[in-house]
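Produce the entire structure from the sequences given, and follow the hints as far as they go.
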Amino acid sequence: MPETVIQDLFDIERMAAFYRASENERVDAHIHDTYAHLLIGERGEQLMKELPAGLSEGWGNIARTWIYDDILLRIIQEQQVDVVLNLAAGLDTRPYRLALPATLRWVEADHAEILAYKAHLLSDAQPSCQLEQVPLAITDTEACAELLQDLGKQARTIFVLTEGLLIYLSVEQVSALAAALKATPAVQWWLTECIAPTVLQSTAQLWNPLAAVPAQVRFTPPGGVSFFYAYDWKVLEFYQYAHIALRLHLPLRRRWQARLFSWWTTKRRSDALYNTGGFFLFQRNPRSDPGK
Numbered sequence: 004m005p006e007t008v009i010q011d012l013f014d015i016e017r018m019a020a021f022y023r024a025s026e027n028e029r030v031d032a033h034i035h036d037t038y039a040h041l042l043i044g045e046r047g048e049q050l051m052k053e054l055p056a057g058l059s060e061g062w063g064n065i066a067r068t069w070i071y072d073d074i075l076l077r078i079i080q081e082q083q084v085d086v087v088l089n090l091a092a093g094l095d096t097r098p099y100r101l102a103l104p105a106t107l108r109w110v111e112a113d114h115a116e117i118l119a120y121k122a123h124l125l126s127d128a129q130p131s132c133q134l135e136q137v138p139l140a141i142t143d144t145e146a147c148a149e150l151l152q153d154l155g156k157q158a159r160t161i162f163v164l165t166e167g168l169l170i171y172l173s174v175e176q177v178s179a180l181a182a183a184l185k186a187t188p189a190v191q192w193w194l195t196e197c198i199a200p201t202v203l204q205s206t207a208q209l210w211n212p213l214a215a216v217p218a219q220v221r222f223t224p225p226g227g228v229s230f231f232y233a234y235d236w237k238v239l240e241f242y243q244y245a246h247i248a249l250r251l252h253l254p255l256r257r258r259w260q261a262r263l264f265s266w267w268t269t270k271r272r273s274d275a276l277y278n279t280g281g282f283f284l285f286q287r288n289p290r291s292d293p294g295k
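Counting in this note's numbering, the sequence shown runs from 4 upward without gaps.
It should be emphasised that the hints constitute simulated quantities derived from the structure, not laboratory data.
What you are looking at is a predicted structure, and each value in this text was computed from that prediction instead of being measured.
With a straight-line cut-off of 27 Å between C-alpha atoms, the simulated BS3-like cross-links for lysine-lysine are: (1) Lys-185 x Lys-237; (2) Lys-185 x Lys-156; (3) Lys-156 x Lys-237.
Dropping the structure here:
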């Protein structure tokens, strides 16, 4: 039986920081994160040495970070967002590396250990916005609901980010999160990603034998994107993994297959396209707001 390499979501965050740091060193870098190298630590370096080659490639993380940066900056500016809530914020450095409005309130929620680790290492860095940290377990449904309720009373418009989170949750946990977001009228946008069942199956075969239970992949929306429709979330924007990777000329294996898949999926429409998996910007359906 393979040895457990990835112990928890903290390890996954260290890996994500490693990918960003590596990208930052490229001459043609798509992401500029000068803080990422500080966050990797000895544990992160050890992880990357122990992972098989197929799992140590970071193109998916880079594609996700790039498109999320673009969406966040655009929606914050165009829609006058006053609060961003980053659930399972991990070692994300956007409050430090992005040019955000000084008045923007950016709330990071995650395990106390992760937040304290990041705050210590970035103590000399200055965020561009009003940064707050809230220690909580994302799987604590009641704590998340309370945080959303509190923010909802104080904010006009909230943008929620769950980057690299849902895949590690159960269907029940994602359902509870979607319901809690729906119950907070101020939450107008939700940025996240999902993968297709076939991709989850192949990923789980490679990943899960090396990961402890908290870090094992398990979620794909039952019934596809319609899972989110049931909680009054509609797709505002969608980006397919391979399409973004090809657009950025990221180092993909089997590039010709990625090109073929990207071409094939762009010819499809609506839910058939969404159910291939990718990055989703959901917007609250107006009918879910009180009085509408």
